[in-house]
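Taking the hints into account, I'd like the entire structure generated from these sequences.
Protein chains: 2
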Amino acid sequence: MRNDDRRKRVVVSGVAPEVDGGRYAVKRIVGEDVVVTADLIGDGHDLVTGDVLWRKAGRRKWNRVRLEALGNDAYRATFPVPGIGAYEFTVQGWIDAFGSWRRDLEKRVDANQDVAVDLLIGAALVREAAERAKGVGKRGLEKYAAQLEGEGDIEDRVEAALSDHLKATMDAWPDLEHAVTHDVVQPVRVDRRRAGFSAWYEMFPRSTSTKPGRHGTFRDAAKRLDYIADLGFDVVYLPPIHPIGKTLRKGPNNNPDGESGAVGSPWAIGAKEGGHDAIHPELGTMKDFKTFLAAAKKLGMEVALDLALQCAPDHPWVGEHPDWFRRRPDGSVQYAENPPKKYEDIVPLHFGGSRPDAMWSALYRIVKHWIDAGVRIFRVDNPHTKPFVFWEWLIAKIRKTDPDVLFLAEAFTRPKIMAHLGKVGFTQSYTYFTWRNSAWEFEQYLTELTTTASREFFRPNFWTNTPDILAEHLVKGGPAAFAMRTVLATTLSGNWGMYGPAFELMENVPVQEGSEEYLDSEKYEIRHWDLDAEPNVKDLIRTMNRIRHEHPALQQTNDITFHETTNGELLCYSKRAGDDVVLVVVNMSWAYPHSGFLNLDLHALGLAGGEKFTVRDLLDGATYEWEGERNYVELEPKDQPAHVFVLERS
Amino acid sequence: MRNDDRRKRVVVSGVAPEVDGGRYAVKRIVGEDVVVTADLIGDGHDLVTGDVLWRKAGRRKWNRVRLEALGNDAYRATFPVPGIGAYEFTVQGWIDAFGSWRRDLEKRVDANQDVAVDLLIGAALVREAAERAKGVGKRGLEKYAAQLEGEGDIEDRVEAALSDHLKATMDAWPDLEHAVTHDVVQPVRVDRRRAGFSAWYEMFPRSTSTKPGRHGTFRDAAKRLDYIADLGFDVVYLPPIHPIGKTLRKGPNNNPDGESGAVGSPWAIGAKEGGHDAIHPELGTMKDFKTFLAAAKKLGMEVALDLALQCAPDHPWVGEHPDWFRRRPDGSVQYAENPPKKYEDIVPLHFGGSRPDAMWSALYRIVKHWIDAGVRIFRVDNPHTKPFVFWEWLIAKIRKTDPDVLFLAEAFTRPKIMAHLGKVGFTQSYTYFTWRNSAWEFEQYLTELTTTASREFFRPNFWTNTPDILAEHLVKGGPAAFAMRTVLATTLSGNWGMYGPAFELMENVPVQEGSEEYLDSEKYEIRHWDLDAEPNVKDLIRTMNRIRHEHPALQQTNDITFHETTNGELLCYSKRAGDDVVLVVVNMSWAYPHSGFLNLDLHALGLAGGEKFTVRDLLDGATYEWEGERNYVELEPKDQPAHVFVLERS
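Residue numbers (numbering that gives the first Met the number 0), protein chains in the order written: chain R, 0 to 649; chain B, 0 to 649.
Check the hints yourself; a few may be wrong.
If several chains are the same, the list does not tell them apart, and a pair holds so long as it fits within one copy or across any two.
[Claimed, not checked] No farther apart than 20 angstroms at their CA atoms in a straight line, the calculated lysine to any residue pairs in the SDA-like style are these:
1. K399 / V29
2. K611 / G98
3. K340 / V116
4. K340 / R101
5. K415 / D72
6. K106 / K340
7. K60 / L175
8. K341 / E105
9. K210 / R526
10. K340 / D109
Hint data in this document are derived by calculation from the structure and do not stem from the laboratory.
This is the structure we're talking about:
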């Protein structure tokens with residue numbers, strides 16, 4: 000142990016936020032603050048102080064912000080992350096020799112002790128600081144030291160010693176020689192706003208033709224954009240747009256009879272027309288696609304592409320790169336399986352091969368190809384079936400050149416696998432939202448997402464439905480369920496999404512009873528949608544998307560509070576961002592009216608104890624005069640699934 | 000990223016126990032098991048498996064124990080720590096290719112699929128394992144591979160493929176080429192039994208003379224040992240035994256008039272007769288001390304010395320090593336202070352000096368000196384006023400030659416500082432036990448000590464009193480309070496201690512009202528104790544120490560369960576070690592009888608739901624027939640402060 004280490008008296012521990020000892024980044028949104036807390040202790044009775052050190056990754060110089068004591072040896076400081084990209088921070092602590100001396104001097108003065116010698120001790124500390132200081136600070140400290148050492152009136156010298164100005168100057172020139180720096184440098188990934196606040200609309204462009212039965216094109220899809228923008232969405236997500244394999248192509252309702260004339264599944268990627276960097280000829284050309292992108296942009300929307308890293312048997316790679324696929328002992332290419340099920344129209348890329356480099360680079364080039372075409376958001380299909388290290392490498396590599404690109408992880412698998420995909424870099428993640436039904440399930444799930452370590456690296460995106468998931472509540476609950484799920488998805492999570500027009504038109508017939516698959520699913524055939532069909536949930540979607548834009552409280556996920564209710568069918572929660580508070584009460588039953596009392600956490604609502612306040616329902620405009628914690632609500636699902644209140648002080 | 004890293008598909012995380020990312024050791028007792036849990040995930044649907052790797056520190060070769068799946072991607076394995084000293088472990092995970100193949104084969108067979116090609120795939124895995132294997136395993140695997148590949152009956156080949164014997168052989172020769180090893184190697188500190196199970200008796204040897212007023216010697220103290228052993232103690236702890244400073248020596252009741260004839264405080268260490276390696280002449284010689292040690296040993300007891308690293312102004316070091324002490328600007332040596340209080344009879348060692356090496360080495364030599372004299376336990380005075388890095392260095396250095404030496408940290412300071420002293424190596428720690436009074440305070444405090452990270456590195460020692468701490472409950476509560484605190488200390492913690500004969504003789508007069516200082520404290524004067532005085536709590540102490548020796552449940556701290564009671568004045572808890580279960584109910588009021596119902600956690604007691612059982616009170620021998628969770632108790636503090644039950648099945 001070096002002499003220098005032997006003089007390090009401070010211990011820094013319990014630093015938060017921290018993900019796996021700094022191995023993975025914590026995620027923030029541009030303009031947010033990073034609030035850092037840490038425990039600092041030293042031996043003896045001396046005061047301890049410290050800084051958070053932070054910088055943009057790649058910069059040499061640390062910025063510093065002084066820690067504030069919270070009591071019980073805990074400290075806190077906050078730093079801003081104004082730009083997209085990678086930041087990092089750590090914590091440094093040291094003994095505050097001057098602060099300790101000053102505290103003791105005050106006690107001695109209060110006890111009327113002779114402090115002449117103590118003033119000399121303090122003067123020495125000030126002289127040492129003057130050695131470190133520069134400019135005005137240096138001259139000021141030299142002057143103070145001279146006064147403390149001097150022959151002046153003792154009361155004047157004590158007053159100078161205890162002055163706020165001396166303290167502030169000393170604080171500006173701390174003695175860092177024996178400072179202790181935390182051994183973790185925690186990375187912070189800062190994304191653009193849409194990473195945390197977005198509304199996704201998934202649609203099949205091939206179903207956008209106005210002529211029933213005709214294969215829709217990007218030109219048809221572009222005409223649909225006004226409608227989607229009017230509903231308030233900002234991301235239009237397209238299933239894979241690449242040539243669809245012909246070998247063993249699936250027909251309607253996933254029947255294995257698709258060879259003759261069936262359009263096939265867009266996820267069976269690759270044919271003689273090309274692979275992942277090509278466009279399905281029936282959708283149009285690259286030029287058409289770019290026109291579509293431009294049209295979306297004009298309406299304030301972005302286009303998300305699907306990144307499904309798997310191949311149809313006639314994908315060009317199957318012939319060109321035999322070592323990218325696994326072979327069976329009989330020489331055939333290994334198709335996808337989930338034994339005893341076989342998916343012979345899909346051949347998975349073999350990530351376990353002995354030379355992954357060429358394949359990884361090719362996959363990178365695919366992503367880069369679409370980025371260069373103007374795509375900035377990718378929804379990644381089944382990321383959990385490819386190695387975590389691949390995603391970590393790919394996403395980091397993309398971000399070096401294109402830090403604004405977002406990746407949504409489509410994984411509905413085991414919780415720890417989903418969490419790890421968030422850690423390795425996915426910007427957003429699908430969740431178990433679709434399978435949560437009761438009030439207590441939602442409270443438990445949101446508490447897990449927003450109050451555990453998860454909140455730092457896992458950004459949920461709540462989907463009401465997908466082409467793969469028609470949940471039981473939509474099948475059985477009808478219009479009231481569609482409305483309830485719309486309110487839940489749009490208010491519980493900063494990011495939400497739906498697959499349309501199936502959702503807004505309340506499509507809810509499964510391929511067979513108990514199945515989560517849609518009957519006549521667009522995955523396997525072209526659908527023609529009557530966008531004016533009744534009933535629909537378009538007005539509520541439009542309203543909720545508007546409310547989200549008007550209320551910062553709904554533009555984030557983590558600041559949420561659940562409030563007790565006297566009826567287990569009523570879910571009550573509030574979200575807050577600064578002064579903006581939105582209070583939501585949802586009747587979790589689609590069938591029956593429910594009423595009960597709320598037991599509001601007034602502090603979380605920014606209200607004082609006895610205060611009267613008005614709640615105004617943003618859905619129907621009704622207002623209620625409330626007072627205190629206990630307030631009555633009643634919701635009839637046929638009329639209105641929920642209250643979405645704003646608070647107005649009386 | 001290397002190709003090899005690109006093929007690592009498993010992620011190991013959430014490893015427990017772990018202290019600050021492996022920076023500090025977890026503590027265990029010889030003969031205990033270390034139970035390791037970890038989360039292991041891989042991409043895709045393949046099975047994951049892994050090992051805990053463990054070894055004695057310094058050994059090259061890891062021992063392995065296979066992880067057992069607990070569900071939800073959590074795994075567990077256990078390894079033994081049979082010897083005193085340092086161990087370490089980590090966790091390794093890999094894809095279980097054969098296990099995954101075997102699982103899928105079963106499904107295919109169940110679905111009556113043609114598995115001829117699959118058997119060839121499995122055969123290849125077995126051939127690869129045979130390459131790795133040796134001896135019988137190798138030959139066996141080669142035989143299996145030939146059979147799977149062969150022309151034999153398909154049912155026979157499938158039976159061989161799914162046989163337990165093949166699985167066990169494959170498990171014995173895993174493919175570790177792409178295994179992932181957790182990046183933390185967690186140290187484990189294994190101490191001898193007394194580290195976790197001990198009963199301490201603190202006494203001033205100078206107060207052991209049978210003649211009132213005469214200074215007691217080690218010879219007198221040796222005669223006291225039978226008495227202490229009879230009470231059931233195993234550690235006799237002596238305040239400092241070194242020459243006591245004469246300069247500004249304190250008199251009775253800490254009055255600053257001690258120069259003339261006062262015996263002084265043993266913590267004012269050092270005089271012209273010597274410093275920390277010398278013996279106070281009035282106590283005797285080194286030979287007398289060694290005789291005392293031998294006498295204790297003969298009775299099955301150990302002697303703990305006090306390590307108080309501070310000096311009286313006439314300590315030899317003050318003259319010999321001026322740079323080990325801080326000087327004031329007027330040239331005087333800086334005495335101890337807690338402004339505005341001054342302790343001019345003590346000069347602290349200055350750990351902040353620029354060349355700490357010589358002083359650290361001298362302090363090490365002091366400790367080693369007493370170890371070489373036969374001392375194996377040190378109670379460290381005020382460790383929190385010396386740098387943490389010093390203790391970490393000192394304790395590690397001592398353990399290199401003397402791994403059985405124990406250190407008890409005397410720190411009643413801020414919780415995070417106390418915790419950190421445990422982390423840097425102290426074997427046991429004083430606690431806030433003395434200041435916890437109500438049932439809910441105890442439940443909260445023990446829950447913190449035994450269920451948070453603290454349980455891994457902080458070993459509590461519960462002291463009923465010390466020469467510095469005469470708690471209010473003893474002052475006000477009289478005999479009932481002494482009895483209640485005896486039961487609490489002896490049953491809540493594996494380690495307990497008391498300062499006698501003050502405690503067993505129920506000394507409880509403070510120097511002034513509201514003070515925690517004893518009147519006529521032995522710290523400043525010689526006391527003469529009448530060991531037969533009544534009332535006393537000797538019988539209860541003897542009984543409790545005996546019960547502790549008879550019940551393994553009470554020989555540890557962490558396995559404790561609190562049970563609900565219907566009366567907040569009744570504290571109910573059980574401790575368990577294997578089949579041994581002790582259930583304690585304490586009336587927390589020393590003044591009034593209390594009764595109520597217990598709501599027992601039957602599972603924690605090892606009982607089934609409707610079972611009848613008998614509880615036998617080890618204090619008074621009474622038995623009660625109980626059934627189910629709800630059982631009535633009633634305690635009159637004047638008769639008995641608590642029930643200490645053992646459970647007997649009917």
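Hints, one by one, checked against the model:
Taking CA atoms no more than 20 angstroms apart as the test, K399 paired with V29 passes inside one copy only; the shortest distance there is 17 angstroms, against 52 angstroms between copies. For the identical chains of this complex, K611 and G98 are neighbours neither inside a copy (46 angstroms) nor across copies (65 angstroms), given an alpha-carbon limit of 20 angstroms. In this homomeric assembly, K340 and V116 come within 20 angstroms of each other (Cα to Cα) only across copies, at 16 angstroms, whereas the closest approach inside a single copy is 87 angstroms. For the homomeric pair K340 and R101, the shortest alpha-carbon distance between copies (16 angstroms) is at most 20 angstroms, but the shortest distance inside one copy (76 angstroms) is not.
Proximity of K415 and D72 under a CA criterion of 20 angstroms is satisfied inter-copy only: 7 angstroms between copies versus 33 angstroms inside one chain copy. In this homomeric assembly, K106 and K340 come within 20 angstroms of each other (Cα to Cα) only across copies, at 9 angstroms, whereas the closest approach inside a single copy is 79 angstroms. Taking the shortest alpha-carbon separations for K60 and L175, only the intra-copy value of 16 angstroms comes in at or below 20 angstroms, while the best inter-copy value is 42 angstroms. For the homomeric pair K341 and E105, the shortest alpha-carbon distance between copies (15 angstroms) is at most 20 angstroms, but the shortest distance inside one copy (80 angstroms) is not.
Within a single copy, K210 and R526 get their C-alpha atoms as close as 10 angstroms, which meets the 20 angstroms cut-off; across copies the closest is 107 angstroms, which misses it. For the identical chains of this complex, K340 and D109 are inter-copy neighbours only, at 12 angstroms across copies versus 83 angstroms inside a copy, given an alpha-carbon limit of 20 angstroms.
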